[in-house]
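There are 4 protein chains.
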Amino acid sequence: MELSDVRKEFLEGKVKSRELELVIWEKVFEKNPDKWSEANSHAASIRLEELENKTNRKFEGIRKNYVDNTTMRGDVPTTGIEQKVGGAVVPLGIVGPVKINGKHAKGDFYLPLATNEAALVAGLNRGFKAINDSGGIKTIVVKDHMTRAPLIELPDPEKARGIANDIEKKGELFQKMKKAAEFESRVSKLLDIQPFQIGRRLHLRFYFQTGDSMGMNSATKYSSNAIKVLKEKYPEVKMKSLTGNLCTDKKASHINVLLGRGKSIETYIVIPRETIKNIFKVEPECVVELNHLKNYQGSSLAGTLSGFNANVANTIAAMFIATGQDCAQITESSSCFVHAEMDGDNLIFGVTLPCLEIATVGGGTGFGTARECLEIMECHGPGDPPGSNARKLAEIIGAAVTAQDLNLIATEAHAHELAESHIKLARGK
Amino acid sequence: MELSDVRKEFLEGKVKSRELELVIWEKVFEKNPDKWSEANSHAASIRLEELENKTNRKFEGIRKNYVDNTTMRGDVPTTGIEQKVGGAVVPLGIVGPVKINGKHAKGDFYLPLATNEAALVAGLNRGFKAINDSGGIKTIVVKDHMTRAPLIELPDPEKARGIANDIEKKGELFQKMKKAAEFESRVSKLLDIQPFQIGRRLHLRFYFQTGDSMGMNSATKYSSNAIKVLKEKYPEVKMKSLTGNLCTDKKASHINVLLGRGKSIETYIVIPRETIKNIFKVEPECVVELNHLKNYQGSSLAGTLSGFNANVANTIAAMFIATGQDCAQITESSSCFVHAEMDGDNLIFGVTLPCLEIATVGGGTGFGTARECLEIMECHGPGDPPGSNARKLAEIIGAAVTAQDLNLIATEAHAHELAESHIKLARGK
Amino acid sequence: MELSDVRKEFLEGKVKSRELELVIWEKVFEKNPDKWSEANSHAASIRLEELENKTNRKFEGIRKNYVDNTTMRGDVPTTGIEQKVGGAVVPLGIVGPVKINGKHAKGDFYLPLATNEAALVAGLNRGFKAINDSGGIKTIVVKDHMTRAPLIELPDPEKARGIANDIEKKGELFQKMKKAAEFESRVSKLLDIQPFQIGRRLHLRFYFQTGDSMGMNSATKYSSNAIKVLKEKYPEVKMKSLTGNLCTDKKASHINVLLGRGKSIETYIVIPRETIKNIFKVEPECVVELNHLKNYQGSSLAGTLSGFNANVANTIAAMFIATGQDCAQITESSSCFVHAEMDGDNLIFGVTLPCLEIATVGGGTGFGTARECLEIMECHGPGDPPGSNARKLAEIIGAAVTAQDLNLIATEAHAHELAESHIKLARGK
Amino acid sequence: MELSDVRKEFLEGKVKSRELELVIWEKVFEKNPDKWSEANSHAASIRLEELENKTNRKFEGIRKNYVDNTTMRGDVPTTGIEQKVGGAVVPLGIVGPVKINGKHAKGDFYLPLATNEAALVAGLNRGFKAINDSGGIKTIVVKDHMTRAPLIELPDPEKARGIANDIEKKGELFQKMKKAAEFESRVSKLLDIQPFQIGRRLHLRFYFQTGDSMGMNSATKYSSNAIKVLKEKYPEVKMKSLTGNLCTDKKASHINVLLGRGKSIETYIVIPRETIKNIFKVEPECVVELNHLKNYQGSSLAGTLSGFNANVANTIAAMFIATGQDCAQITESSSCFVHAEMDGDNLIFGVTLPCLEIATVGGGTGFGTARECLEIMECHGPGDPPGSNARKLAEIIGAAVTAQDLNLIATEAHAHELAESHIKLARGK
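Chains as they are written, first to last, in the numbering used here: chain A, 1 to 429; chain B, 1 to 429; chain C, 1 to 429; chain D, 1 to 429.
Hints in this document: simulated from the structure, not taken from any laboratory. Keep in mind that a hint or two might mislead.
[Unchecked claim] Straight line, CA to CA, 20 angstroms or less: simulated EDC-like cross-link-like pairs of lysine to aspartate or glutamate:
| hint | chain 1 | residue 1 | chain 2 | residue 2 |
| --- | --- | --- | --- | --- |
| 1 | C | 58 | D | 345 |
| 2 | B | 170 | B | 232 |
| 3 | A | 54 | B | 375 |
| 4 | D | 103 | A | 166 |
| 5 | D | 64 | C | 38 |
| 6 | A | 58 | B | 166 |
| 7 | A | 143 | D | 158 |
| 8 | B | 58 | A | 166 |
| 9 | B | 129 | A | 19 |
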């Protein structure tokens with residue numbers, strides 16, 4: 001069968017949109033594994049053509065920017081996402097270098113930012129200048145785990161408590177669940193299972209170490225396997241949902257802020273007064289004050305549990321898009337507390353990012369511009385040891401958000417000529 | 001001067017990265033407005049070349065997917081973002097059609113999704129089938145305003161209260177501030193100013209109608225203009241920050257959930273029992289139950305103020321990237337309450353999206369694949385009347401997130417064979 | 001019939017416990033209005049006797065401390081609470097005087113504190129000393145309203161929106177609802193109705209001015225009357241609940257913090273450095289720092305929406321019990337933001353209490369020790385003008401919580417010998 | 001010296017108010033330990049007399065209801081609270097019996113309620129009837145610990161992390177800290193120390209088992225002792241505050257909801273449909289629906305992290321006052337999730353109380369009416385084994401709040417004639 005025939009059948013509605021890749025591969029390329037990628041490319045083109053016909057428009061950009069995210073594992077083909085028509089492009093800027101003194105990120109780094117936000121790159125440059133003039137930024141990954149929290153149901157709260165206690169004592173049951181959870185995995189390790197009871201139901205929050213992958217998919221699968229073991233011992237356990245929203249995935253939540261998810265990062269810079277004054281034309285005490293008034297008092301009044309910062313989501317979003325992360329996780333990954341305090345004549349400035357969920361392996365990270373953007377920072381693919389590339393990326397993002405909030409707060413403080421009055425105030429005159 | 005000369009000077013460090021576009025335009029193209037776009041393209045290429053040299057790698061994808069987001073207003077050139085090197089590509093799928101019975105979105109729509117999330121498109125297709133089989137989804141924009149909340153400081157709380165009272169009484173002061181706020185605008189209207197007092201400081205939350213643009217930039221500028229008028233009457237007013245985080249922009253917050261920001265959307269579908277059973281192999285009562293246990297009780301226990309849903313951020317993110325939105329706003333735009341209840345034998349399913357911040361004009365919406373993606377849905381550029389295109393897009397996104405959460409909850413309910421037991425339960429047997 | 005006969009019948013189970021007061025009044029005192037109080041006293045005694053018999057114990061304290069909270073309005077007798085057996089006693093201390101420069105509270109005040117918390121009175125004394133040595137504390141009631149938010153249901157979200165819009169435009173419908181709400185009232189005024197939509201339901205938050213009473217009961221009744229008018233115009237309105245928890249009564253919530261409930265109070269003291277040093281042996285900068293680290297950063301990390309203070313609930317509880325307030329409202333009335341900042345060599349210290357719900361009329365305020373405690377502060381009963389006594393009490397409580405948090409933070413700062421190191425730090429040495 | 005002389009000197013200002021008890025004891029009673037109590041009584045009377053003079057009023061109630069809360073441990077006298085003048089009385093009602101099937105509370109209980117809230121006792125009676133007609137309520141204490149979270153500071157986040165890791169590994173350091181924490185205690189056991197990092201600071205949340213006392217004071221002292229051990233190993237540790245608000249004490253916070261404080265309670269009742277219909281004139285499905293709409297959806301929209309209930313604070317407050325608890329803790333102790341679901345023709349109704357902080361030993365629990373109220377429920381003083389009395393009280397309070405919310409929700413559901421329409425709805429007609 002020729003490609004044109006499939007195209008014709010598709011346009012006539014005889015081939016369904018969601019089957020197009022497979023039909024082309026089977027009918028035109030006779031399931032040749034080397035042609036899977038090409039089959040996808042054709043399918044996208046034909047599908048887009050139909051869309052153009054239906055809408056009576058041309059979508060040259062979408063077509064031109066097609067990106068190949070297919071995979072062929074053994075003889076199992078995957079499309080990456082379903083019903084592809086091409087690629088969506090976001091403008092990409094480069095910023096840096098910034099000097100990072102991390103455990104995994106050491107040296108001078110350029111950072112790719114995919115964004116439509118004017119001034120973002122420029123702002124980061126100013127923040128980076130403050131960092132570099134201060135000898136670099138310190139970054140630390142303080143926690144690293146991916147969580148999944150299936151929801152199970154018991155006949156009554158007493159039985160639920162019994163099971164929670166059994167899991168919490170970390171005895172035989174826990175070991176069996178751990179074994180089941182790790183059975184299919186090369187990299188993932190089960191670190192803990194934390195039960196949260198609510199009536200006769202338990203949210204079991206599984207904590208996994210997942211190497212350089214973000215880990216959601218494996219955590220889902222492995223926690224599900226562990227639940228099977230739990231059901232063997234307690235047949236009355238009824239699985240209600242793979243997740244009951246205590247993971248928490250793709251929603252802002254305090255459990256992630258308090259107990260972490262993905263990487264938990266700390267950063268700090270020790271910035272001399274003169275550096276702040278030179279770059280931002282403001283006394284550092286103004287930065288300390290505005291951080292309190294805006295990032296803590298203002299945010300508290302606004303009613304937030306995670307947004308104790310000025311605008312770190314800008315950088316998080318730009319780097320997530322650039323490097324092929326799961327962009328729905330911008331929601332919670334942008335949780336951030338900003339710190340600013342004087343130590344003698346130095347401003348100590350830094351951030352706590354409690355739940356930055358990222359990967360350098362899997363998802364969108366392995367192909368196209370995402371792969372290249374990770375290469376710019378030398379943290380593409382699996383790290384050696386496992387997990388070190390993802391942690392490196394985490395430290396780099398930590399450095400970037402710190403620079404961004406420093407720039408914004410200092411710039412806002414300057415904008416309103418606080419400088420003079422506040423020096424007086426801070427010095428008690 | 002030749003382009004090669006500028007390139008040489010840049011590589012030798014004689015031209016700064018952030019000046020490259022302007023230098024090429026001035027030196028090579030003698031400020032020819034028609035050449036501004038080309039100057040940018042060259043700058044990106046040269047800048048990328050230097051990055052390739054420094055990293056000893058090739059970034060063909062980034063170069064190939066360069067997107068032109070420059071503008072020339074009169075003779076004022078802008079680069080879109082600073083220090084461009086090219087474009088970042090996210091795989092784009094198409095899903096639909098879905099039948100929407102909105103005020104602005106009426107008819108059958110195809111939706112573009114830029115994502116790396118496998119199963120997202122497929123999931124939406126299932127949700128859309130449920131919608132279409134039920135005669136379509138109803139969508140309503142119930143509120144529409146952009147907010148900016150500058151932080152001002154007074155000598156003491158009493159003075160702050162006096163000013164708050166003066167603004168709240170909507171008299172002469174308010175009218176003058178309104179006039180100042182609207183002075184430079186063609187489209188924007190000031191709807192309200194709401195003061196929030198905290199000690200001797202006021203967060204003044206300005207509410208603007210901003211047509212089809214997202215409106216943050218204009219809201220910032222116009223509220224700043226209004227503050228100047230306020231200072232004329234009350235010279236003791238001291239501007240502390242263009243925003244004190246009560247807007248709230250790019251952070252999850254309850255003020256946005258409660259009082260709205262961007263578009264506030266309501267959607268609902270009336271789905272016959274048989275439709276749910278056919279598509280999801282589950283009784284609709286199971287959907288109602290899991291919505292309670294997961295999206296409300298689980299989310300409450302997790303500590304969220306905005307995440308009363310299963311995973312709407314996936315669709316929000318995919319459509320934001322596809323259509324050139326400000327992706328940092330995924331953080332709060334994904335705030336969502338899901339509704340599921342039985343009405344006789346029908347499942348009523350819908351969502352409340354209190355603060356969806358979107359545009360069809362400005363930012364990244366006007367060029368490249370973003371423009372094309374908006375064209376697919378016939379909501380690119382300014383609407384007639386103003387605001388109608390942005391509202392149309394809001395309704396479409398509302399339809400999509402409804403379909404997605406319906407699919408996920410119903411699928412999870414099915415996955416665990418709740419069906420049988422729960423029919424009994426729901427029917428009281 | 002003799003009292004002994006009723007007693008006998010009661011002990012034999014022929015008279016129900018909840019009917020005891022009425023039976024005695026009718027049978028023994030032949031409904032003599034002057035004897036209603038005595039009938040209650042006898043009933044409590046007999047009821048307690050039975051409890052003593054059943055438990056084989058003696059409850060002399062409960063008997064001895066019986067308090068008469070009955071009323072007789074015309075010929076309608078009320079018991080105050082049901083099934084009284086006597087009184088519960090909480091130790092009462094006195095603290096003061098404290099100099100208050102409020103609008104309603106002016107002069108030197110002694111405050112009654114009913115508490116079991118050792119050190120509370122002593123701590124307040126230290127705080128009051130700081131206030132008095134600084135010339136007094138400024139207190140302001142910035143908002144004053146009681147809210148009730150009935151939950152109504154419409155057939156679909158569109159209809160719900162229509163009604164919300166109709167109410168919000170403050171036209172004829174609003175005026176009719178206002179008239180109905182105020183019909184039975186001498187004091188209460190309806191200030192506003194704010195609709196909050198969630199799917200096809202509306203939470204209608206009614207705002208009332210309620211004079212010197214706390215106002216919950218009247219707000220419930222009057223909002224219910226207004227809903228009847230709403231149903232006349234929109235017969236499809238279905239009342240779901242007198243409250244849907246958006247009031248919010250007796251739960252900590254952000255809506256109360258943001259939009260107020262009861263009295264919203266601001267207070268501040270301007271305290272010279274030497275005063276702080278003399279009383280607390282600490283530099284004032286340490287107070288500023290600890291307020292940030294504990295009351296904002298610590299509280300934020302703990303996940304609170306209302307608890308940006310050290311321990312104001314202690315004073316709130318002690319004064320609520322002493323003065324006969326509704327003690328369940330300690331929950332939200334203790335919402336508080338503490339402010340501490342340097343102004344030259346002065347510490348400006350104050351609080352924002354967004355939702356302090358109190359009364360000097362009604363509930364437990366009119367009799368017994370509660371009445372006397374209000375008399376100590378000269379704010380018992382209805383004020384002239386109406387509301388002024390309740391506002392006076394609010395200002396006094398505001399002064400007390402300010403003193404308490406100042407004392408605690410300063411004491412904690414001192415306890416850890418921060419003084420020296422931080423002076424250096426704050427002065428940039 | 002005669003009492004009249006001391007009185008005279010006091011009224012002349014020669015004896016300070018806060019020294020009055022001691023002066024009388026020393027001068028009049030020559031430090032006779034048996035006279036300490038009497039000295040306090042005289043002091044209160046004289047102090048009150050002075051207050052009467054100053055205010056030109058009489059406070060007979062306060063005087064008459066004086067309660068003796070002094071103690072004499074060996075020869076160390078304490079006043080209970082400072083500057084006593086007498087007692088504050090709250091009307092006390094009795095409700096019950098209610099049948100409780102707990103682990104610690106077994107049998108039929110009468111409950112004392114100190115309240116000014118009309119209808120509270122009556123409401124509980126209706127709720128208790130539903131419980132009793134259903135064979136009783138099941139109550140379980142699922143967790144039991146008191147927490148204190150001192151705030152310590154390190155030179156930088158890396159050092160802070162190192163210490164957090166050292167504590168978390170539960171090795172030698174933890175054992176030494178545990179030993180120090182338990183050194184002075186007979187009953188308290190240190191269960192865990194959980195570090196929460198925020199920049200260069202650690203909030204160390206100590207978890208103690210504290211028997212029948214509420215445990216705050218001992219937890220403060222013992223955690224302070226443990227920090228000293230920590231400082232021996234890490235001299236750079238700087239104590240910033242005995243608490244940094246992560247305990248969290250006397251503020252509503254999510255950390256208490258998620259991780260518990262005091263007793264965590266689960267309760268449930270299995271109530272036949274007919275019982276609900278008989279008592280509340282409503283179908284049980286209406287209770288399920290209103291619980292979702294009000295206690296979850298409404299509360300979520302209101303922005304709460306702890307208030308997923310109708311009005312449990314009423315009962316919490318009434319029982320806290322009656323039994324001499326620390327009433328400032330009503331704030332967080334009233335955190336509550338209400339559960340309502342159908343199981344066949346039964347309504348399963350219950351609550352989760354995550355952080356109920358109570359005692360039967362210490363504070364106000366040991367004397368006066370508080371002691372008597374605990375005696376009514378047979379849970380006064382230390383339990384055997386230790387902790388069992390406090391747990392018994394916790395279960396009783398759990399039963400009461402369950403009854404109260406059941407009554408309120410069912411009554412509200414009935415009030416609006418939902419019954420008919422919703423039976424149809426729930427049964428799919």
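Does residue 166 of chain A sit within 20 angstroms of residue 103 of chain D, going by the straight-line distance between their CA atoms? With a Cα-Cα distance of about 19 angstroms, the restraint between residue 103 of chain D and residue 166 of chain A holds, given a limit of 20 angstroms.
20 angstroms Cα cutoff - pair residue 58 of chain B, residue 166 of chain A: violated, 55 angstroms
Could you grab the alpha-carbon distance between residue 64 of chain D and residue 38 of chain C and see if it respects the 20 angstroms cut-off? Answer holds: residue 64 of chain D to residue 38 of chain C is near 19 angstroms, not above 20 angstroms.
Check whether the Cα positions of residue 58 of chain C and residue 345 of chain D lie no farther apart than 20 angstroms. violated, 44 angstroms
Is the straight-line distance between the alpha-carbon of residue 143 of chain A and that of residue 158 of chain D 20 angstroms or less? holds, 12 angstroms
CA of residue 170 of chain B to CA of residue 232 of chain B, is that 20 angstroms or under? This hinted pair holds, its Cα atoms lying about 17 angstroms apart.
Between the alpha carbons of residue 129 of chain B and residue 19 of chain A, is the straight-line distance 20 angstroms or under? Cα-Cα ~16 angstroms, so holds.
Sort out whether residue 375 of chain B lies within 20 angstroms of residue 54 of chain A, counting only the CA atoms. Holds, because 12 angstroms separates the two Cα atoms, which is no more than 20 angstroms.
Run the distance test for residue 58 of chain A versus residue 166 of chain B: straight-line Cα separation, threshold 20 angstroms. Not satisfied, since the Cα-Cα distance of roughly 55 angstroms exceeds 20 angstroms.
Checked against the numbered hints given earlier, the structure breaks hints 1, 6 and 8 and satisfies all the rest.
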